[in-house]
Amino acid sequence: NAGVTQTPKFQVLKTGQSMTLQCAQDMNHNSMYWYRQDPGMGLRLIYYSASEGTTDKGEVPNGYNVSRLNKREFSLRLESAAPSQTSVYFCASSSRGEGRGYTFGSGTRLTVV
Amino acid sequence: KNEVEQSPQNLTAQEGEFITINCSYSVGISALHWLQQHPGGGIVSLFMLSSGKKKHGRLIATINIQEKHSSLHITASHPRDSAVYICAVRGDGGTSYGKLTFGQGTILTVHP
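Going down the list, the protein sequences come from chains W and B. Just so we're aligned, residue 10 is where the first sequence starts under this note's numbering, counting upward by one. Just so we're aligned, residue 2 is where the second sequence starts under this note's numbering, counting upward by one.
Think of the hints as simulated: they come from the structure by calculation, not from any bench. Treat each hint with caution, since some may be false.
25 Å max Cα-Cα, derived SDA-like pairs, lysine to any residue [said to hold, decoys possible]:
1) Lys23/W with Gln46/W
2) Lys80/W with Met49/B
3) Lys100/B with Gly62/W
4) Lys56/B with Lys23/W
5) Lys100/B with Leu22/W
6) Lys23/W with Gly41/B
7) Lys55/B with Asp82/B
8) Lys100/B with Phe19/B
9) Lys100/B with Pro17/W
10) Lys69/B with Gln15/B
11) Lys18/W with Lys69/B
12) Lys100/B with Asp35/W
13) Lys55/B with Met36/W
14) Lys69/B with Pro113/B
15) Lys80/W with Ser8/B
16) Lys80/W with Gly53/B
17) Lys66/W with Gln10/B
18) Lys66/W with Val111/B
19) Lys100/B with Lys23/W
20) Lys66/W with Arg91/B
21) Lys18/W with Gly72/W
22) Lys18/W with Ile108/B
23) Lys18/W with Leu47/B
24) Lys66/W with Lys55/B
25) Lys100/B with Asp47/W
26) Lys69/B with Val97/W
27) Lys66/W with Glu4/B
28) Lys69/B with Met50/W
29) Lys55/B with Asp47/W
30) Lys66/W with Asp93/B
31) Lys100/B with Gln26/W
32) Lys80/W with Asp47/W
33) Lys18/W with Ala84/B
34) Lys54/B with Val28/B
35) Lys69/B with Pro17/W
36) Lys55/B with Lys23/W
Owing to the predicted nature of the structure, the values given are computational and were not obtained by experimental measurement.
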């Protein structure tokens, strides 16, 4: 099915461990995003990539890095996980122009202990 | 003050009732999205609006650009409509283009 695929769906890390969240879209969208969702805080933008080869910080980038590997893939890396990074992470992609569709992945529930 | 405000935060209804969720925003936008999220679930885009009104099944979304306000209506509500409904606005240019700013969400519970 066309859409945004995120892996893994669940992950438990120990403080200080690293991991990479993977995201791929097959809709030929130019822009991709990583958001985190926390109770009482809503969804907040971590990083985004307006097009292949570019990445920019969002509202809450500290503790994260990203890579836009190609047009399809946008990964989020936690170099040294902290309990404050316990959250649900969503990848999304969007198009420009008249369609301007916005599609979300199914989310990754990350717990840092 | 948040850039995107939703009301109410919580809404409880009986099956069959007409439901309205409101969204006000304070920034320039290129589009407004209504999103739905079921408990423990992913996020689904219901509507994207830049003007006027859209209808899909029992769902209707309207936007008034001059007043910076949008509403989501659900007619003949059903328990399966129980979810969190999120309003999100999309930046209108420059560095904000494409990025979404979200409201806090409205938790809707529809009882049979």
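Provide an ascending list of the numbers of those earlier hints which the structure does not satisfy.
-> Of the numbered hints, 4, 5, 8, 10, 11, 14, 15, 16, 17, 18, 19, 24, 26, 29, 31, 32, 35 and 36 do not hold.
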